[in-house]
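Asks: Spelled out, the chains give:
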Amino acid sequence: MYKKPSRVLVVMTVLVCLFISLPLVGCQPSAPAAPTTLTIADALQPSSLDIATEYEAAAMAVNRVVYERLVQYKGNTTDIVPELATSWDQSADGKEWTFHLRQNVKFQDGTPFNADAVKYSFDRVLKINQGPAWMFASIDHIDVVDNYTVKFVLKTPFSAFLPALANIWGTGIVSPTAVKANEKAGDLGQAYMQDHMVGTGPYKFVEWVHGDHITLERNLDYWGGWPTTSAGKPIDRVIIKFITEPATQRLQLEKGDLDIAMDISVDDLAQVSKESGMVLVEQPSMMGTYIRFNVTKPPLDNIKVRQAILYAFDYNGMINQVMRGHAIQMQGPAAIGLPGHNDQLPIVKQDMAKAKQLMQDSGVKTPLTLTYVYETGQEDRRMVGELLQSNLAELGITLQIQTMPWESIWGKVSDKDKSQTPDLTANGWWPDYADVQDYLYPMYHSSQWPPTSLNIGFYGNPQVDQLLDQALVTMDANTRYGLYEQAQQLIFNDTPDMDLYQKTMTIMMRDWVKGYVYNPIYTEAFNIYDMRINKPAQ
Amino acid sequence: MYSQIIRRILLSILAILGVTVLVFFLSHVVPGDPARLAAGPQAREEQVATIRREYGLDKPVVEQYFIYMGNLLRGNLGMSLQSRRPVLDDLVDYFPATFELTVTAMLIAVIGGVGLGILSAVRKNGLADSLSRIFSLVGVSMPVFWLGIVLVLLFYRQLGWLPFGGRLDPSLDPPPHITGLYLVDSLLSGEWATFWSALSYLILPAVTLAYSSLAIVSRMTRSSLLEVLQEDYVRTARAKGLSERLVITRHALRNALIPVMTITGLQFGALLGGAFLVEVIFSWPGLGTYAMKAILFLDYNGIIGVTFLIALLFMLTNLIVDILYVVVNPQMRTK
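As they're listed, the protein sequences go chains A and B.
Each residue of the first sequence is one higher than the one before, counting from 0 in numbering that gives the first Met the number 0.
Each residue of the second sequence is one higher than the one before, counting from 0 in numbering that gives the first Met the number 0.
Hints listed in this document are in silico derivations from the structure and should not be mistaken for laboratory results.
All C-beta atoms in this analysis are idealised placements derived from N, C-alpha and C, irrespective of residue type, glycine included.
Please note: incorrect hints may appear among the correct ones.
Claimed, not checked - Under the rule of at most 25 angstroms between Cα atoms (straight-line distance), these lysine to aspartate or glutamate pairs were calculated in the DMTMM-like manner: (1) B:Lys292 x A:Asp313; (2) A:Lys411 x B:Asp57; (3) A:Lys296 x A:Asp464.
Unchecked claim - In silico negatives: residues of chain A with every beta carbon more than 12 angstroms from chain B: (4) Pro111; (5) Leu386; (6) Trp511.
Produce the entire structure from the sequences given, and follow the hints as far as they go.
Replies: Shown next, in the form of structure tokens:
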């Protein structure tokens, strides 16, 4: 009889103590944090960390600082400068590229970096043949000339070879020792490298708690050394947290638990950037958004109808209302800012009178109905469709808006029966490397119709094909860019699509983060080696 | 009694088989090519074909199903297209987080709900009863995401009492993987800082998830207890001169809890489902996060793996409830 109340009493006491201590739990500093930790929130988690297979924006941030490439894009430019190579030569025919490598460089596992490692890394990418491998399809073989010289021999000249080597996917040099030690059943270490990274970069991989975060730590043996500058000490630890909800990212950034939030909602950007201690970094990206016409199917096989639609669209409304100013209008089919972009092309303005005249000249009878398809979840493309729908009503065209997953769109455009392809399809394109070839060839060369690549409007112009083919093997940059500019002019004249906008990249950070430099190719990566944190003591 | 339990187990196996058929074929009729999604937009057709071959996607759907079931019987859930590793490894990584959250929420719901229900019943129509009924009514009617946001704004942003986002302070290393449950693992390995951090991160999502179930359990307990308190044997117990506490705990509650137990079993399923939403709000790295990505990627094996696991758990919980029901209620044993 007496035991029972006392047991209840004990339980109650424990519960009360627990609840009283809860606030203290939250308040108490949980273990001393590393002196300088950079915490970044990203909505997306990478699928894999394997440099040979990963090909998604989510892996960019870790890839950029754990691995190093032979060459890299400098600062905020698309200029190519050395990284693990110190210099390079190319043969006159553009088929042989020789790289002289940096000496006294070690991988994070302590093994030396040399020409064998370069050959091993690229051979591995080509053997696995996934994700980024297509960018290196021109490689025939790689020769190790000596310990610090390596030669790439190409099947055919490829003018964008160097820009492709500076891109972030598949180019990082991986420690052959680490891969070979963890190879299972001839998988080239894929199972192990899926969640491990061993490169030469300034930060080394510590852990990946799936669904939660990735931690990186300063590589104290980094070949570049760790100078303390007047801006402060280097960052010791990097934590990339995967937070899908933009509202959660915002709360944690405001609270100071995050230093950088990559996915603040467009609706919140203006408000958050006004709060004290917040810095909004907004830079133009090279991510283009288009509406592609199915040029094989009436009435869009008629260029005048395509041009009528082009001039009927309200571009100002698109930038100001749909994109709320977080975009710039495109100038022709290639992204503004890319080397080889044609700056002489007009930036199209809405001209309804011209549109009506073109429609009349086309001889196509109205009213008519066209379909517009966009990928589910791409809200800006939905709003673009609605804007276009209201504009086209004035021309007597009814635009039916449909949404479906990209895979279904792909199924439709890959269908041999071209009448299955929607009349208008919205799609986006971002550059893997800084060369206009990466835009024009896959989207406008007639050999690139689906399922081969992304020429989803089935555009074809022999003159354009010839210019693009010629540019591909022309090593002199100026001559090559001249060819590309001509091609862009021809494509613009043919109007196989509407070139809409390039979104701006928006990253919200606390003002104690210093030294961040945005690169238009490494869009979602950070130059953490040069960045500093001057966080006030809490 | 035993034949009943065996019958229940056999029925559960059949139901799980049904679930695999349903999910397998439903996920395969969704339009789209998972191999192309996995290969990326720029991939050449041969690369896509390689992936299709590696993952057996080039075979007829029915054949794929039998291959899948054959592998499943050997404990192989296949490779995930999105993470490119065995689905089983993914589940081992993600499931403990969801389980820890759900079980904690369940404990809060049951202990809190039953306690509140008893209080409400014994103080019928008093102030405590009215307050508890309002509390329960709010619980069953409030959307879980709204409650989550309110709690976060109050306890994280305004008061700063509790952390938010994730399972653990990221500057701490997770405890050694024994069960995958951070609270248990950190206790077993004696890492107190980790334990307190994990507990503090768990409170807000668990309370958010538990609230509506707590409200349901509380209402059920109250009405069931009130009904039982009218019974003759309760009057007899009181007439014997037993204290009110003993009357309630010994005589009334045991009988009143039988319907509550059934509801609790069903609530576990609801909590597992609700956990998916709570995980998104609190960036909780559990199955919800994984399942969402699997669905976006049309990762068949991932989707089926998650559904299979949830179905299995749901069946198991209901089986346990059925068995407990028989144990608690002697009438059931003789029937």
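Asks: Evaluate each hint against the coordinates.
Replies: Cross-check of the supplied hints:
{"no.": "1", "hint": "B:Lys292 x A:Asp313", "in the structure": "violated (36 angstroms)"}
{"no.": "2", "hint": "A:Lys411 x B:Asp57", "in the structure": "holds (19 angstroms)"}
{"no.": "3", "hint": "A:Lys296 x A:Asp464", "in the structure": "holds (21 angstroms)"}
{"no.": "4", "hint": "Pro111", "in the structure": "holds (30 angstroms)"}
{"no.": "5", "hint": "Leu386", "in the structure": "holds (25 angstroms)"}
{"no.": "6", "hint": "Trp511", "in the structure": "holds (17 angstroms)"}
Against the hints set out earlier in the document, a violation occurs for number 1 only.
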